[in-house]
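Take a look at the letters that make up each chain.
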Amino acid sequence: MPFGPILAAMRRNKFGAILIAVQMAVTLAFIANSFALIEQRLLWSSRATGVDERNVFVIRGGSIATHEDLEARLKGDVAALRELPGVLDAYITNDYPLEGGGWSEGVLLNPDQKTSTASAAHYFGDEHALNSLGLKLIAGRDFTASEVTARPDNSPTEAKVYIVSKALADSLFPKGDALGKTVYVEDNAPTQIIGIVEQLQTPFFAATGQTVKYAENSFIEPVFPLSEFPRFVVRAQPGQLNSLMKRAEALLLQRDSDRILKTQSMEEVRAQAYRGNHGLVVLLVSVCTALLVVTGFGIIGLTSYWVTLRRQQIGIRRALGATRLNIVQYFQTENLLIAASGALAGVALAIMLNLWMVDHFEMVRMADSRALIGAFVLLLLGQAAVFWPALRAASIPPALATRGG
Amino acid sequence: MLGYYLKLALRSLRRNLVLTSLMILAIAVGISACMTTMTVFRAMSGDPIPEKSGQLFAVQIENWKPSNSKRNGDGLDEQLSYPDAHALMLAHAAKRQSAMYLTDLAVRYPDPKQKPTREMTRAVYADFFPMFDVPFEFGSFWSKQDDEAGTPVVVLAKELNDKLFGGKNSVGRTVQLSNQTYTVVGVLKHWSPIPHFYDLHVLPFGESDQMFVPFMNAINRHQTEDGSLSCNVEAGSGWEGKLRSECTWLQYWVELPTSADVQNYRRYLSNYAAEQRRTGRFSWPARTDVRDVRSWLVYNRIIPNEINILLFVSLGFLLVCLMNAMGLMLAKIMGRAPDIGVRRALGASRKAIFLQCLVETGVVGFAGGLLGLVLTAFGLLMARTLLTREFALLARLDLIDTVLTVGFAIVTTMLVGLYPTWRASFVQPAWQLKAQ
Chain Y
1 MPFGPILAAM RRNKFGAILI AVQMAVTLAF IANSFALIEQ RLLWSSRATG
51 VDERNVFVIR GGSIATHEDL EARLKGDVAA LRELPGVLDA YITNDYPLEG
101 GGWSEGVLLN PDQKTSTASA AHYFGDEHAL NSLGLKLIAG RDFTASEVTA
151 RPDNSPTEAK VYIVSKALAD SLFPKGDALG KTVYVEDNAP TQIIGIVEQL
201 QTPFFAATGQ TVKYAENSFI EPVFPLSEFP RFVVRAQPGQ LNSLMKRAEA
251 LLLQRDSDRI LKTQSMEEVR AQAYRGNHGL VVLLVSVCTA LLVVTGFGII
301 GLTSYWVTLR RQQIGIRRAL GATRLNIVQY FQTENLLIAA SGALAGVALA
351 IMLNLWMVDH FEMVRMADSR ALIGAFVLLL LGQAAVFWPA LRAASIPPAL
401 ATRGG
Chain W
1 MLGYYLKLAL RSLRRNLVLT SLMILAIAVG ISACMTTMTV FRAMSGDPIP
51 EKSGQLFAVQ IENWKPSNSK RNGDGLDEQL SYPDAHALML AHAAKRQSAM
101 YLTDLAVRYP DPKQKPTREM TRAVYADFFP MFDVPFEFGS FWSKQDDEAG
151 TPVVVLAKEL NDKLFGGKNS VGRTVQLSNQ TYTVVGVLKH WSPIPHFYDL
201 HVLPFGESDQ MFVPFMNAIN RHQTEDGSLS CNVEAGSGWE GKLRSECTWL
251 QYWVELPTSA DVQNYRRYLS NYAAEQRRTG RFSWPARTDV RDVRSWLVYN
301 RIIPNEINIL LFVSLGFLLV CLMNAMGLML AKIMGRAPDI GVRRALGASR
351 KAIFLQCLVE TGVVGFAGGL LGLVLTAFGL LMARTLLTRE FALLARLDLI
401 DTVLTVGFAI VTTMLVGLYP TWRASFVQPA WQLKAQ
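Protein chains in written order, with our numbering: chain Y, 1 to 405; chain W, 1 to 436.
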């Protein structure tokens, strides 16, 4: 296919060709970046918490009245929950993964440090915590009952031991020898790492740039929290979750009817935590689809117009022996040239746009291959869009040439 | 003349229905994507209290050692500690002032069948209400004596009064809040400033406080905060320990009507900080600051990245749609070159042709705007179901948005139509006639 005549014809239609090329470049830039963003958000929202999410649920709530015997009441509640048929284990915590907000602390390697070595979420839990959440202990041991102290809000720590997540262990001790080491948190009292769990996400949503860096940095202090607003974490035996959620709530209300409870499965907690994230993904996908459709129709419209303009010339070419296929090929090649130059500019624009967004919106750096995939998609789109006008052009009868338009 | 052009435009648009509807569709889709995000963005970046936003100031005091790494870049926290808030309230150096925090109280309903609920409760001083122009339906706020004594009185939001008393005037009636009896002194009209500027730590675009109780009442009954609490060192034991600590958990707002008042208050704050240094509480030259509502919203960067990204992407989308419409318009107008040639030959001036084509693009823009409006309404519906509940509250279309959408569509369409129109006015009559 000789490019000469195509280029010559294009020169007479400069503005339209440039318009299509620019439009494709801009479309490519936005689609490639949206794609990178969607990928990143899907990755964030599918990140595992380390919790056995299919079988764990949370009951939040508290009594309307305040009681003097808070510790006895809470211990009674959680013991009754553990007795309930279908319950694997239960404990009371201050926070749980994906809750939205929680406690974060700076962890130090020596008490005189000016800035902390790592930031981490601070969880409370007793010797039932690991089993109730379904966390996997990969080194060291679990808490023993004697290590656990009951601690009201705002009282100083007495902990001597912590269990940490592997991510925190690795960021504190990159050599992998965290077990048994001493760290300092809060009042800078020395505390020993006695266990490491494979994974435990922080209570903060992972979908913001700042928290993503320490999304899995967590430690558990052996504390039974004495709060008027306890959070019960219950792990059901497989398949029992739905019926158990109702029975557990009924049990707690039976023990003290004067309280307000809210029960949520971890799967519901996850859906709620990532709702905005999910919404962004759906909106971006719809905008990108609309962008491709609009660009496609734009190409169809302009090419149809060119076909109408060139009816006579096409007739002449046909009369001179060009086949229908030649005519179709002409328009396909013309579009390929325009789209290729648009795609080339688009790849450059996509990368520039990405760098700008990294600076302004805490966006991730896009892999350059995404721009190339985008370019390929647009070339295909161009070819598909131009096919119908090209067919119409090919159906122009050669006789048109002799009739003189 | 314009009426004639309008008739011509409609006729010409009808002649090539496919191109026309493609153009209208492109503009409508682009405009609606843009307006959907714009509507949400506008609501988020709006001024929640326009008549007074320049006179209301949030107060900041650097009560932690500057070397502490947890703070923002400027070392100032958005909230105050109890000792600072208490001292500032005592000094009463502004026209009006209120320390405040969010907590919750359990509400028992008169109907015993209805389960008790926990409701967002804000602990404030009486100045809160006149300072923020809070509108009352019934009654009024409590007295200065109630402020000092921490009397169990409550101001109900309209929504909670509807639930408790069926919307009737409940002033003087009592209500059980977490097992304590409170007397209703006032009921508000619907009041929900967006963004929720006076406390940005909890859902800046979400539901508002359901009731208000005297600050000292909440403090005396040890109501814990539902917002954020940051501590540099572990607070002392119990509630008293928290009140004595340097933990920050209180919002503090003052009303300063004139710039002289602002100057005076700034001076008062630096004196206060210097005094704290003299008494040994601060071992550093503590900075202080006041920011008015608008600067406060900017300072707290409340618009989430999601919305910024969506706005940016939809602007790009609009750009593509407009380029598209421009190409189609060019095709359409140049396809009519023979007609234009005839009109020119019959004596129409360039200006007349230009005007005629401009009217035609205007009609396309108007149609695109109308369709765009329908699509925007649909887009907002989608946003409401997809985004988190707090953003969903913002996804509403008002009259301004409607006018903006259609106007924006007409203006942008005519702008991109300028080039094709200009080309049309340069059609050579003789050349076109010869070609026939």
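Derived from the structure by calculation, the hints contain no laboratory data.
Take the hints with a grain of salt, since some may be wrong.
What the hints assert, rightly or not - Here are the simulated EDC-like pairs of lysine to aspartate or glutamate, each with C-alpha atoms no more than 16 Å apart in a straight line:
(1) Lys163(W) x Asp226(W)
(2) Lys158(W) x Glu78(W)
(3) Lys114(Y) x Asp95(Y)
(4) Lys75(Y) x Glu228(Y)
(5) Lys163(W) x Glu119(W)
(6) Lys52(W) x Asp133(W)
(7) Lys262(Y) x Asp111(W)
(8) Lys65(W) x Asp112(Y)
(9) Lys262(Y) x Asp52(Y)
(10) Lys115(W) x Glu53(Y)
(11) Lys136(Y) x Glu53(Y)
(12) Lys115(W) x Glu147(Y)
(13) Lys189(W) x Asp133(W)
(14) Lys114(Y) x Glu127(Y)
(15) Lys136(Y) x Asp52(Y)
(16) Lys160(Y) x Asp170(Y)
(17) Lys115(W) x Glu249(Y)
(18) Lys113(W) x Asp258(Y)
Please read all numbers here as calculations on a predicted model, not as lab measurements.
Here is how each hint holds up against the structure:
With a C-alpha separation of about 23 Å, the suggested pair Lys163(W) and Asp226(W) falls outside the 16 Å cut-off, and the hint is violated. Annotation: proposed proximity of Lys158(W) to Glu78(W) is violated, straight-line Cα distance about 29 Å (limit 16 Å). Under the criterion of a C-alpha separation no larger than 16 Å, the hint pairing Lys114(Y) with Asp95(Y) is inconsistent with the structure, at around 28 Å. A hinted pair counts as satisfied when its Cα atoms are at most 16 Å apart, and Lys75(Y) with Glu228(Y) qualifies at roughly 13 Å.
For the given pair, Lys163(W) sits about 12 Å from Glu119(W) by alpha-carbon distance, which is consistent with the 16 Å threshold. Taken as a hint, the Lys52(W) and Asp133(W) pair is honoured in the structure, with Cα atoms around 9 Å apart against an allowance of 16 Å. A threshold of 16 Å between alpha carbons decides the hint, and for Lys262(Y) with Asp111(W) the separation of about 21 Å lies outside it, so the pair is violated. With a C-alpha separation of about 15 Å, the suggested pair Lys65(W) and Asp112(Y) falls inside the 16 Å cut-off, and the hint holds.
Distance check on the hinted pair: Lys262(Y) and Asp52(Y) sit about 20 Å apart at the alpha-carbon level, beyond 16 Å; violated. With a C-alpha separation of about 30 Å, the suggested pair Lys115(W) and Glu53(Y) falls outside the 16 Å cut-off, and the hint is violated. Distance check on the hinted pair: Lys136(Y) and Glu53(Y) sit about 13 Å apart at the alpha-carbon level, within 16 Å; holds. For a cut-off of 16 Å, the pair hint linking Lys115(W) to Glu147(Y) is broken: about 39 Å separates their Cα positions.
Of the pairs offered as hints, the one joining Lys189(W) and Asp133(W) holds, with about 11 Å between alpha carbons and a cut-off of 16 Å not exceeded. Taken as a hint, the Lys114(Y) and Glu127(Y) pair is broken in the structure, with Cα atoms around 33 Å apart against an allowance of 16 Å. For the hint pairing Lys136(Y) with Asp52(Y), the CA-to-CA distance comes to about 10 Å; that is within 16 Å, so the pair holds. Taken as a hint, the Lys160(Y) and Asp170(Y) pair is broken in the structure, with Cα atoms around 20 Å apart against an allowance of 16 Å.
Proximity of Lys115(W) to Glu249(Y) is assessed by CA-CA distance (about 14 Å); at most 16 Å being required, the pair is judged to hold. Between Lys113(W) and Asp258(Y) the alpha-carbon distance is near 13 Å, which keeps this suggested pair within the 16 Å criterion.
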